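Taken in order, these protein sequences are the chains called G and S.
The number in the working numbering is simply the position in the first sequence, starting from 1, with 7 added.
The number in the working numbering is simply the position in the second sequence, starting from 1, with 17 added.
Do not take every clue at face value.
[Claimed, not checked] In silico SDA-like links for lysine to any residue, alpha-carbon gap of 25 Å or less:
| no. | chain 1 | residue 1 | chain 2 | residue 2 |
| --- | --- | --- | --- | --- |
| 1 | S | K103 | S | L345 |
| 2 | S | K112 | S | T100 |
| 3 | G | K124 | S | L24 |
| 4 | G | K84 | S | P411 |
| 5 | S | K328 | G | I88 |
| 6 | G | K184 | G | V233 |
| 7 | S | K274 | S | Q294 |
| 8 | S | K192 | S | G156 |
| 9 | G | K92 | S | E422 |
| 10 | G | K124 | S | L345 |
| 11 | S | K71 | S | K274 |
| 12 | G | K92 | S | K274 |
[What the hints assert, rightly or not] Cβ-to-Cβ under 8 Å is the rule here; a few derived chain S residues that face chain G:
| no. | residue |
| --- | --- |
| 13 | L21 |
| 14 | Q22 |
| 15 | L24 |
| 16 | N26 |
| 17 | N34 |
| 18 | K274 |
| 19 | L296 |
| 20 | K297 |
| 21 | G301 |
| 22 | E329 |
| 23 | L332 |
| 24 | G337 |
| 25 | K339 |
| 26 | L424 |
[Said to hold, decoys possible] If we take Cβ atoms under 7 Å as the criterion, some of the chain S residues that face chain G in the derived model are:
| no. | residue |
| --- | --- |
| 27 | Q178 |
| 28 | P254 |
| 29 | I257 |
| 30 | A338 |
| 31 | D342 |
| 32 | A372 |
| 33 | L375 |
| 34 | L418 |
These aren't lab readings, by the way, just hints derived from the structure by calculation.
Since the structure is predicted, the reported quantities are computational estimates derived from the model, not experimental observations.
Beta carbons: idealized from backbone N, C-alpha and C, even for Gly.
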Amino acid sequence: MLIKLENITKNYLDDGEPTTALRGVSLNVAEGEFVAIMGASGSGKSTLMHIIGFLDKKTSGQYFFDNEDMGDFDDAKLAEIRNQKIGFIFQAYNLLARTSIIDNVLLPTIYTPHLDKAAVEKRAYELLGRLKLSHRINFPPNQLSGGEQQRAAIVRALINNPRLVLADEPTGNLDSKSGQEVMEILQSLNDEGHAIVMVTHEKDVAECAKRIITLRDGVIISDELVANRRQAKDGLIR
Amino acid sequence: MRFLQILKNTRRNLSLNKTRSLLTMLGIIIGVAAVIAIVSVGAGAQELLLAQVKAMGTNLIGILPGASDDQGPPAAAFGIEITTLKYEDALEIRKLPHIIAISAYVTGRGTASYFNKTKEYNYSGVLPEYPTVEDTAVGTGRFLKQDDIDSLARVVVIGSQVAKDLFGQDDPLEKQIKINQVVFKVVGVMKERGGGGLQNQDEQVFIPLRTAQKIMLGIDHVAYIRAKVDKEENIDPAIIQVKNILLFRHHIKDAAKGDFSVRSTAQALDILSSITQALKMFLGAVAGISLIVGGIGIMNIMFVTVTERTKEIGLRKAIGAKRRDILLQFLAESAVMTLVGGLIGIAVGILISAAIALGVNYFGYEWQLIISWSSILTAVIMAVGVGLIFGLWPANRASLLSPMEALRR
């Protein structure tokens with residue numbers, strides 16, 4: 008099992024008020040799955056994904072990643088997992104300003120030890136080519152459209168060939184055409200074997216996944232396979 | 018990350034944010050350069066003043082009007098005019114056993130003109146033994162005589178530069194010049210002494226003391242008296258004798274209430290040292306303030322960019338940077354910026370100091386370029402320290418956040 012969560016809770020202070028985001032979430036994600044997490048804002052869906060991606064710490068519960076108990080791992084070890092096994096796609100792209108697309112895409116690799124530099128650069132150019140960004144390689148992010156920026160962010164997420172891709176509202180800032188392109192890319196990545204966990208509040212985006220988990224008030228209220236999986240290339244209803 | 022990789026990233030990060038990097042470095046450059054230049058000016062001024070006093074010779078006794086204690090400078094040193102010292106005092110002091118030459122002084126500034134040539138000079142009313150007292154000599158013609166003093170003669174001995182200025186190639190002797198519209202006959206030209214001194218000797222004109230008092234200034238007192246003692250070991254007894262005779266002449270019974278100060282050159286040197294030391298300390302404080310201002314500048318830039326950089330730190334952590342990587346990155350960036358800024362600051366500071374020295378020398382003073390290593394060291398340590406602390410502190414705080422918290426900022 009790639010991800011195994013057992014009774015995860017998360018409390019935090021919101022403006023000094025103790026708040027509970029997750030109230031005991033248990034969840035398994037296998038290799039090669041494509042899971043969409045849905046829910047209203049405040050349902051805890053983003054928090055859940057951040058905990059899955061080690062961007063945030065759980066308050067209690069157990070988390071097995073790749074069959075290892077993450078409770079024993081220190082920050083440095085978790086950073087390594089984020090670097091080599093997980094790729095992140097954010098709603099706001101989070102590309103470094105004033106930094107060329109190629110440098111942005113290669114950013115994770117400066118934290119990867121024992122790397123074949125030539126091979127990783129070759130891979131970067133290949134991925135950029137595949138996502139139709141070859142002509143943007145030396146541009147800074149602010150000269151790219153939103154869709155192009157998100158595609159660059161996807162290349163960055165894929166640069167270390169991660170087991171798991173986490174996408175937090177990947178289409179949230181995009182127009183429908185760009186959103187559709189991004190979903191097409193995610194689907195083809197999934198077809199190639201990357202497990203994907205995606206947070207979204209849009210039903211048709213979620214239906215591009217194979218499985219939809221719905222949260223409300225920090226608990227899972229439904230977890231079902233998508234009956235009629237939507238193929239992004241056929242278009243999204245926005 | 019390997020060292021080379023860190024350096025490469027640092028160079029890229031700094032060049033990506035040129036404005037921010039330059040502003041940070043500017044703070045350091047200004048701070049370091051200001052400290053070096055200001056301290057250099059202080060030291061140079063001190064050297065200049067002390068060299069002047071030393072140049073007068075050590076066998077001199079100076080008599081200033083107004084009382085003073087042993088440590089502090091007399092009031093006259095601050096430009097306060099005291100009228101207790103007279104020409105006749107000088108004549109009496111001259112009669113003392115160890116005194117071999119004496120001159121009383123009054124000074125003024127006036128416009129000297131010869132035909133169509135006009136220039137401003139300092140003139141001194143002095144006594145005939147002035148050349149002996151001041152270790153100087155007449156080049157051509159003669160110096161002032163006692164007759165000139167007694168008869169209020171309108172004769173003048175001019176400095177070599179004055180001769181050049183007013184007469185060019187002509188022989189100045191026996192010619193008539195006007196000083197503040199009073200006609201004087203040139204009787205001598207001083208030997209050239211070369212540049213140097215707060216008052217360039219070559220640019221002075223000397224007229225009889227009493228002529229200066231009565232005709233030029235309309236006063237009855239003298240500004241100060243200098244007496245030359247035969248041997249160095251006689252300076253102390255001579256000072257006592259001078260004091261006694263002045264107390265007697267000024268009808269003062271209590272020696273502690275004298276209206277004059279008698280000092281040897283050595284004592285004057287000490288006092289001058291203490292004055293210039295205070296000046297240096299004051300300048301040091303000014304330099305310190307500029308360093309603090311520079312430091313605050315550095316601090317501000319570092320803090321202003323912290324939000325943007327917190328997000329960057331969050332992202333870097335999210336994609337795999339360890340806390341150590343973040344700290345190393347910021348340490349390297351701050352270190353490079355502060356060191357480069359420090360080095361530029363040193364260069365700029367030395368250049369400014371050298372420019373000041375050159376400029377002052379151009380005006381005829383023997384100003385030495387003095388660069389104090391301790392000022393360089395202090396300035397660089399302070400600036401680099403501030404840069405490192407305020408470069409690392411926000412980065413350290415941000416690196417302790419979880420990636421998500423940092424990204425949300």
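- Message: Tell me the numbers of any earlier hints that the structure contravenes, in ascending order.
- Response: 1, 7, 11, 12, 13, 15, 18, 19, 20, 21, 27, 28, 29, 32, 33 and 34
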